[in-house]
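K.L.:
These protein sequence lines are chains A and B, in that order.
Residue numbers for the first sequence follow our numbering, beginning at 1 and rising by one.
Residue numbers for the second sequence follow our numbering, beginning at 1001 and rising by one.
What the hints contain is simulated information worked out from the structure, not anything from laboratory work.
Where is the CB? At the ideal position from N, CA and C, for every residue including glycine.
Careful, some of the hints might be misleading.
[Stated by the list, open to error] Heads up, incomplete: computed chain A residues facing chain B, CB under 8 Å, no partners named:
1. LYS3
2. SER56
3. LEU58
4. THR78
5. GLN85
6. PHE87
7. MET96
8. PRO105
9. VAL111
10. ARG152
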Amino acid sequence: MTKIALQNIRHSYLGSPQTDGDFAIKHINTVFEDGGAYALLGPSGCGKTTLLGIVSGLISPTSGRILFDGEDITRVDTIHRHIAQVFQFPVIYDTMTVFDNLAFPLRNRKVPESDIKARVLDVAKMLDLEEGIHRRAASLTVDGKQKISLGRGLVREDVNVMMFDEPLTVIDQNMKWELRSKLKELHQNVRTTMIYVTHDQTEALTFADEVLVMYEGRVVQSGTPVELFEKPRHTFVGYFIGSPGMNIFPCQISGETVEFSGLPIECDNQIQGIRSLQDSQAITEIGIRPEYVRFSNQGIPVRICRVDDLGRHQLVHVEHEHHAIKLICPEDAPIPEGSACVRFEKSRTFLYADKWLAGEGSQS
Amino acid sequence: MINKTIRQSAWLFVVPVVLLVAFNALIPLMTVVNYAFQETFGDNVFFWEGLTWFEQVLNSDRFHDAFLRQIMFTSIILLIEVPLGIAIALSMPRKGPWVSVCLVLMALPLLIPWNVVGAMWNIFALPDIGLLGYSLNSMGIDYNFTQQPISAWATMILMDVWHWTSLVVLLAYAGLTAIPEAYYQAARIDGASKWAVFKWIQLPKMKRVLTIAILLRFMDSFMIYTELIVLTGGGPGNSTTLLSIDLVKLALGQFDLGPAAAMSLIYFFIVLLICWVFYTLMMKNEKQ
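Using the sequences provided together with the hints, build the complete structure.
P.N.:
In structure tokens form, the structure reads like this:
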């Protein structure tokens, strides 16, 4: 049971990195509390897998420190970090039986054979692998194999953290749900710290208590799924989380008001946002989720372009002077035809400066 | 699909290949079969002999000796080349500029014409002027492959190992590079030793290519002729007379076409049989 802290981690795959662009991990400071369920969410190439490799010790960071319970383990070898990892596709030892696969990490650690047996049978029961436990592992289906990979982490009692690198990528859609709830259930039972890497927001949001959204080598925001949805600290979070993502428009600041193509818009962080922008040349944008854009009698004049019926709600595409705006309306709500006006809910409208929530600072 | 026209003239398209196969495989093979069951005195006069030649070959000490020598040679080179090939493949770099250097070096022996390999080793091993033979003798080792059966065998095996280990290396290397990095990472996390990684990951993943390597090396070594006829010519005495050399002596040296034809067929079936046994055994686990 361990608290993991990453301090000022930077990593580059190049020999002598010069600019920020050479770094796969630009700058990361974060803490994984003991027993938490975390998700690293981000698009391909944002540095998620690199970060995971740094925690597991498969990759040595260019600079920065990793602490396990306050102890610096940056240069400690993988095996002494006591971590477990499940990879994107199942890694099993083909020629061994299911039992031997699960027993392998214990045998390598010279655990007495009687303890191994009890432990393996325990884990096999947890994962529903008891049936055919003495069959060759190669004969299992892909989700069975992925359970074995998971089981090899669970059998060990010394595991500090279990890490998952997009573990459901190769699993069938219907098995995904089952494995995902199995993971959640396991986390509640074993209470090991778990870090789950994915680019699928549903997976991240259902699995984790805390989601770290990564973008271009940084953690742009971490928080509960609700926090990420309600108050994105970076336009990328707004865009990446939610379906569809946040509406983001360029805006101008004139005095104390925020203007979107000449119309004043009220934002939640307007006062401190504008104050923080004094004399800066930052590019300013406003962001509002489609859920909080409403039709109203007055406000921003728009032209209705298209309505998508998404079952429980309708997604309406409108346009204001070539700025596309999306709205989500209840399924039975009447949609005006031709032209109409929309209003942004003030408490859900945010001002962004250089993509970061204005007035909140941009450290990661 | 609905209006299927049946045009027998399509068969004409396969005629060229039928002719080709007939002339390069079927007709020569049938000629051998023809000789194996009959006696001929020239002028195309044939007498039916039934299984006489087969019995004669199978009961002759000469065939038994050549066969035993053949089995011994093939077993020795397989026992050396397969482990050695795997060991070299394991120690080759997986990434970087040295990969291509190693691959080219490895491929070199395979590119040399077989008779040249024989000639090279013959001269290399000559006790009076060859680098190897001369060095060994000046170190006080009594070595003369043209007179001592043991030296001849050692030279023959060394030559084959030099010539053909590369094939095993290249195949094993291909198998190794196909193993995804995640397997090694998982093994590190599981605390596996180097030996465990080899036994449970590398060897199982190389199984298919190794099967091919062993089959190829078995067949080629069982039929070795060119390098050997140039190196030792089957001597001294008959000490390095393996099956193919014996067959050529019988057919072209003594002109005993009947027994030679019978021996060819027996030889052919032995190779076929052993390959089949090998393959079945190695693939047996695959299907479980």
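K.L.:
Now tell me if each hint is right for this structure.
P.N.:
Taking the hints in turn, this is what the structure says about them:
no.: 1; hint: LYS3; result: 20 Å, violated
no.: 2; hint: SER56; result: 7 Å, holds
no.: 3; hint: LEU58; result: 5 Å, holds
no.: 4; hint: THR78; result: 5 Å, holds
no.: 5; hint: GLN85; result: 5 Å, holds
no.: 6; hint: PHE87; result: 4 Å, holds
no.: 7; hint: MET96; result: 7 Å, holds
no.: 8; hint: PRO105; result: 4 Å, holds
no.: 9; hint: VAL111; result: 11 Å, violated
no.: 10; hint: ARG152; result: 6 Å, holds
Of the numbered hints given earlier, the model fails hints 1 and 9; all others are met.
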